[in-house]
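Spelled out, the chains give:
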Amino acid sequence: MSQVQAGAMKALTLRLQDELFAVEACDVREILDLVPITEVPNAPEFVGGLINVRGRVVPLADLRVMFGMDRPEPDQDTRIVVMEVEIDGEPTVAGILADKVHDVTDIEAASIEEAPKVGMRWRPEFVKGIGKRNGGFIIIPDLGRIFETQGARTASIAASEERSAS
Amino acid sequence: MSFPDPTETFRQEARELLDQLESGLLDLEQNPANDDLINSTFRALHTIKGSGAMFGFTAVAAFVHEFETAFDQVRKGQSPATPALIAVALDAKDHIHELIQDPDASPSGGEAILVALRNVLGNTDVPNPVLTKPSERLREPDTASTASEALWRIRFRLPADSLVYGTNPVLLLEEIRALGPCTVVALTDTLPPLDIIDPEVPYIGWQVDIEHEDPRSAIDDVFLFLKEGMELSVEPLADATAPAAETEVEIAPAATTEVPAPAPLVPMHKPEPKAVAEKAAEKDPAVAASSSMRVDAERLDELMDRVGELVIAQARLTQIANMSSDANLKTIAEELERLSSGLRDTTMGIRMVPIGTLFSRFRRLVHDLSRDLGKDIEFITSGEDTELDKTMIERLADPLVHLIRNSVDHGLESAERRLAAGKPAKGTVRLSAVYAGAEVAISVTDDGAGLNAERIRAKAEEAGLLAPDAKIPDAELWQMIFAPGFSTAKEVTSLSGRGVGMDVVKRTIEGLRGSIDVTTSPGQGSTMTLRLPLTLAIIDGMLVRVGNGRYTIPLAAVEECVELPEGIEANARGRNFLDIRGSLVPFLRMREVFGTKAPLEPHQKVVIVSSGEGRVGLVVDQIIGNNQTVIKQLSKLHSSIKSFSGATILGDGTVALILDTAHLVAFGQSYVDQGRAA
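Keeping their order, the protein sequence lines are chains A and B. Residue numbers for the first sequence follow the numbering used here, beginning at 211 and rising by one. Residue numbers for the second sequence follow the numbering used here, beginning at 1392 and rising by one.
Hints in this document: simulated from the structure, not taken from any laboratory. Cβ atoms here follow ideal geometry from the backbone N, Cα and C, with glycine treated the same way. Take the hints with a grain of salt, since some may be wrong.
To be verified - Below, a list of computed lysine to aspartate or glutamate pairs in the EDC-like style, where the Cα atoms sit at most 20 angstroms apart:
hint, chain 1, residue 1, chain 2, residue 2
1, B, K1988, A, E249
2, B, K2027, A, D237
3, B, K1988, A, E255
4, B, K1781, B, E1689
5, A, K310, A, E240
6, A, K327, A, D352
Stated by the list, open to error - One-sided and incomplete, this derived list gives chain B residues near chain A with beta-carbon spacing under 10 angstroms:
hint, residue
7, G1500
8, N1939
9, R1980
10, M1981
11, V1984
12, F1985
13, F2035
14, I2040
15, L2041
16, D2043
17, G2044
18, V2046
What the hints assert, rightly or not - Stretch by stretch, here's where chain B covers chain A in the computed footprint (C-beta under 8 angstroms, at least three residues):
hint, stretch
19, 229-235
20, 307-316
Input sequences plus hints: build the corresponding full structure.
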């Protein structure tokens, strides 16, 4: 969309199930091996966990939920990408579960296309663009929007919980 | 090393002085004949003027000057401290505050205040203050006669540590020189032999003979900020041609020098030079005793974070040590545990501030409210030395303002109604703080009309908060006043009645992990009690397990732990009550609340927690033990899940959620009500 700038995008590529995703490399803080995940009861599946990142409590998000993918148990390739995302204008550190992390690469801006409105399995507003590399596609997710939607949904769930409680 | 901006230091000091001034004035109003109060008011004014002029706040200095003059007359008994004078002085204090905050803005209103002041004093013809300096002349009648003396002899020696603290004697001498033509003689009699000289100690004293027309206070002003521990004498020289006689004049280091007060002239005497040398070398006790320092609040927060991390690391070490059989490791782990808990307490102690600093602000509020509403109010505070976390005190200011305003505006009746009800015309508002276990209870009490149950009910029904003819306990009805948009004031005044405020109060207090209780009795008045945890950063917690998850319950909220009777377990639905020594306590099966899928375990435990008046039992699978809990806020993604107030990191590095007991109790109580309704 309009946010896709000219020039190259420095991106970290990671795999979720069968799809290759790319996130802005400069937003990535670190990549961790799998750590113990604390489940948050009643939290939406997308952000159902908390992890300890160097003494900080950080929410762990599973993008596979938002893209309607299968969620098999973690294996030896599973990594946590700790990123800085903006939620309601507030910079927040969050972890993202990845089935495998590949490498940091340049994606030519020219090769990035807007997400097609039809013919896509995923909700188009979650996809910022689709890039091409080595003949394959790379999905560039719109993290800001995904997390924002999530915030709204948590709020509505909490509100209904409130209602049922009273 | 970075030096703080001196202007900022002045502002900070001035703010403290202004607070001091304000409380002095308010005390004075109660007690107009108290000399100590008058003197302290005068001194505060004088210091603000002096340091204001020094740091270039000339507008402040000029403005304060007239008030200083006025209070000087009060001090001398020439005019009384009338309520009118105090009212003007309070306005003036606000004006000074503005001037200091923003000297360039030159806020208007200063002239009006001065006019009001002159009217109060019945003296509209105030001469130009800067030229005649009436205050100085009045202040020192003893030297007034010598003020015409053109020659002064100043002798001074600096404290031993003054160079270390950045005092520059050359600048001092230049400042003196600027007052008039003078001769400066260095006093080298206390110079030690070269081999024992400490280059950072000023061994040299100075004697200055100066021609100076102005009163001696101008000379004193030069040394205004150096009085502590220095030797200083200023005396008129009758004979201009007198030789620089080596008369040793010494002012005893004034241990309790009140900064603005002019250094008293001690009769001349001649101590042995040796004694002087000792005096100069030895650390002045006053300097050594001034043990408080200003620290940036951010640094304290940083320190607290570090201590929090240390506590977590220590907990991990303890856990590892407990699993190992190495006696040495265990010893070290235990020692470290002791040290880190000591460090934790000390660090939290640093952040503790007596709540009196906050209370004193409200005296002014009540004073102004009393004037604006025409209600005579006695404001009583107690428990000022109760200490609370610094952040907490800052965030409590606004809620307390609202509560006090409410008490004064809605709570207290007018004088006529009070007399008609057989109460004294003067209303009383009490603000008190007491420790209650791991909490602090702050209450605002008035002896007014009390909450009006019918009006609150009507209003609540009107706002759709309450179904008509629904029966709810009184305590819950009172909680209605904290609902957004709720106000029972018939008329909207400038002070209250807009329905904003009480809901904000409640939110703020809950944000601080506290709660509000309301008690009231018709005709007798009402009490709002805020219950707050002592600190926000670290708490003692009880670790429990539900299914595979571990959760922390704030230990302060835990009342007792019991085993869940087998019989109750069987009939799972319907009877969710425990009989605890005769009283029914609802309980929540945390497995159900959390939707745990793990198989049910035998021997379920119940942790009884309380919040305010309510109690609830939390059924858990296992009680693991106590731990120190460093509270971490949840991110926005999880902030809307009400069952948790935060998270913490356990000894093994995993994250555990902290249960929000206030919310769970409320949730449990709603069970009770449903049970009653059914």
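Evaluated hints:
no., hint, verdict
1, K1988(B) <-> E249(A), "holds (12 angstroms)"
2, K2027(B) <-> D237(A), "holds (18 angstroms)"
3, K1988(B) <-> E255(A), "holds (15 angstroms)"
4, K1781(B) <-> E1689(B), "holds (11 angstroms)"
5, K310(A) <-> E240(A), "holds (14 angstroms)"
6, K327(A) <-> D352(A), "holds (15 angstroms)"
7, G1500, "violated (39 angstroms)"
8, N1939, "holds (8 angstroms)"
9, R1980, "violated (13 angstroms)"
10, M1981, "holds (9 angstroms)"
11, V1984, "holds (7 angstroms)"
12, F1985, "holds (3 angstroms)"
13, F2035, "holds (7 angstroms)"
14, I2040, "holds (5 angstroms)"
15, L2041, "holds (9 angstroms)"
16, D2043, "holds (8 angstroms)"
17, G2044, "holds (5 angstroms)"
18, V2046, "holds (4 angstroms)"
19, 229-235, "violated (count 0)"
20, 307-316, "violated (count 0)"
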